[in-house]
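Here's the letter readout for the chains.
There are 2 protein chains.
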Amino acid sequence: MENLHKRILEEGQALSETVLKVDSFLNHQVDAELMYEMGTYFKNYFEKHKVTKIFTIESSGIAPAVMTAMQMNLPMVTLKKQSSKTLNGDVYQTRVHSFTKNSDYELTLSKKYIDKNDNILVIDDFLANGEAALGAARLIEEAGASVAGIGIVIEKSFQKGAEMLKDKGYDVYSLARIAKLSKGEIEFIK
Amino acid sequence: MENLHKRILEEGQALSETVLKVDSFLNHQVDAELMYEMGTYFKNYFEKHKVTKIFTIESSGIAPAVMTAMQMNLPMVTLKKQSSKTLNGDVYQTRVHSFTKNSDYELTLSKKYIDKNDNILVIDDFLANGEAALGAARLIEEAGASVAGIGIVIEKSFQKGAEMLKDKGYDVYSLARIAKLSKGEIEFIK
Numbered sequence: 008m009e010n011l012h013k014r015i016l017e018e019g020q021a022l023s024e025t026v027l028k029v030d031s032f033l034n035h036q037v038d039a040e041l042m043y044e045m046g047t048y049f050k051n052y053f054e055k056h057k058v059t060k061i062f063t064i065e066s067s068g069i070a071p072a073v074m075t076a077m078q079m080n081l082p083m084v085t086l087k088k089q090s091s092k093t094l095n096g097d098v099y100q101t102r103v104h105s106f107t108k109n110s111d112y113e114l115t116l117s118k119k120y121i122d123k124n125d126n127i128l129v130i131d132d133f134l135a136n137g138e139a140a141l142g143a144a145r146l147i148e149e150a151g152a153s154v155a156g157i158g159i160v161i162e163k164s165f166q167k168g169a170e171m172l173k174d175k176g177y178d179v180y181s182l183a184r185i186a187k188l189s190k191g192e193i194e195f196i197k
Numbered sequence: 008m009e010n011l012h013k014r015i016l017e018e019g020q021a022l023s024e025t026v027l028k029v030d031s032f033l034n035h036q037v038d039a040e041l042m043y044e045m046g047t048y049f050k051n052y053f054e055k056h057k058v059t060k061i062f063t064i065e066s067s068g069i070a071p072a073v074m075t076a077m078q079m080n081l082p083m084v085t086l087k088k089q090s091s092k093t094l095n096g097d098v099y100q101t102r103v104h105s106f107t108k109n110s111d112y113e114l115t116l117s118k119k120y121i122d123k124n125d126n127i128l129v130i131d132d133f134l135a136n137g138e139a140a141l142g143a144a145r146l147i148e149e150a151g152a153s154v155a156g157i158g159i160v161i162e163k164s165f166q167k168g169a170e171m172l173k174d175k176g177y178d179v180y181s182l183a184r185i186a187k188l189s190k191g192e193i194e195f196i197k
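Protein chains in written order, with our numbering: chain A, 8 to 197; chain B, 8 to 197.
It should be emphasised that the hints constitute simulated quantities derived from the structure, not laboratory data.
Since the structure is predicted, the reported quantities are computational estimates derived from the model, not experimental observations.
Please note that a few of the clues may not be correct.
If several chains are the same, the list does not tell them apart, and a pair holds so long as it fits within one copy or across any two.
To be verified - Calculated lysine to aspartate or glutamate pairs in the EDC-like style (CA-CA distance at most 20 Å, straight line):
| no. | residue 1 | residue 2 |
| --- | --- | --- |
| 1 | LYS88 | GLU65 |
| 2 | LYS28 | GLU65 |
| 3 | LYS190 | ASP178 |
| 4 | LYS50 | ASP111 |
| 5 | LYS88 | GLU113 |
| 6 | LYS50 | GLU113 |
| 7 | LYS55 | ASP97 |
| 8 | LYS92 | GLU148 |
| 9 | LYS187 | GLU24 |
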């Protein structure tokens, strides 16, 4: 996605070999028009799978996901990050490790918003080690539903997530794929 | 906003005299088309103030805020909820008490995304005691900028927030105003 590549190059800050800060248009300040365009790309790529619902993970995935949901005319569900297990039977939960924050959270989904006929597109802002996307896929499959695909805004292709998810058979589509980060430098996969 | 009233009556669950659950279209599952319509209402009401930016509070305010930002052609900023003070000078922070969760958090804004000429519209999903909206206003004013107004999806008018914010001179506009909740019953302000 050309406009995204451009913004990453102009505004992204490679803080280290693994950390890319894009808080001027995606993670803190948000460019709504760019989010809409991301939605168009996700729609164009994923409309071949009969998607029934879009899932995202709070909170930076919400903006691109809601723009995709609108254009695909589908409901969206935000998976919540909770600090501890909920003690009732109304939810699915799975533990996810965040390498960024070096802590765990319980990804949580109300049983009301999924059923076994669902074919779900997962959208998230970043893909690095793939823990969050894999957690979302676990919840979906635990409910007996299917993962239609995984749509990512920025894939750090030098980390293991994308390959791991593809190895498991998921259709992963990323709007920007980063080959290499080093202090002050950002290189895309050609 | 008629479609919102309709959805609240059809799908909202009054769990007590203060708790209204609307997680089928706003807080967990999200109806993107309805969020877009909310954005149209906010735009129509607030375009009289020269708004320069939209702020929201993570995470349920993001969907209506990004839809408003797109239609008003403005940047949006998501204020982050952090559990503790950040020890650097690059951010504004203010402590907010959540009555829902009975805990405090540090509402956080990078200094890069505000300046004293900004006139900011704050959008959030719920207004009850007004702590979150007031916290956002404090951050904005601490930066020397102005609050253009406060746009709320669902106002619980029987709690003190709306009146308190209006008393302080803020232009508060809510898409649905609830006069009374009781178990199984929801009453709007006429």
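Against the structure, the hints come out as follows:
1. Within a single copy, LYS88 and GLU65 get their C-alpha atoms as close as 7 Å, and across copies as close as 12 Å, so both meet the 20 Å cut-off.
2. For the homomeric pair LYS28 and GLU65, the shortest alpha-carbon distances inside one copy (18 Å) and between copies (18 Å) are both at most 20 Å.
3. Proximity of LYS190 to ASP178 under the C-alpha cut-off of 20 Å is found in neither arrangement, the shortest distances being 31 Å within a copy and 45 Å between copies.
4. Proximity of LYS50 and ASP111 under a CA criterion of 20 Å is satisfied in neither setting, with 31 Å inside one chain copy and 39 Å between copies.
5. Taking CA atoms no more than 20 Å apart as the test, LYS88 paired with GLU113 passes in both settings, with 6 Å inside one copy and 18 Å between copies.
6. When the C-alpha separation of LYS50 and GLU113 is checked against a cutoff of 20 Å, the pair qualifies neither within a copy, at 29 Å, nor between copies, at 36 Å.
7. Taking the shortest alpha-carbon separations for LYS55 and ASP97, neither the intra-copy value of 32 Å nor the inter-copy value of 45 Å comes in at or below 20 Å.
8. Proximity of LYS92 and GLU148 under a CA criterion of 20 Å is satisfied intra-copy only: 19 Å inside one chain copy versus 38 Å between copies.
9. Taking the closest pair of Cα atoms, LYS187 and GLU24 come within 20 Å of each other only inside a single copy of the chain (7 Å); across copies the shortest separation is 54 Å, beyond that limit.
When each numbered hint is compared with the structure, violations occur for hints 3, 4, 6, 7.
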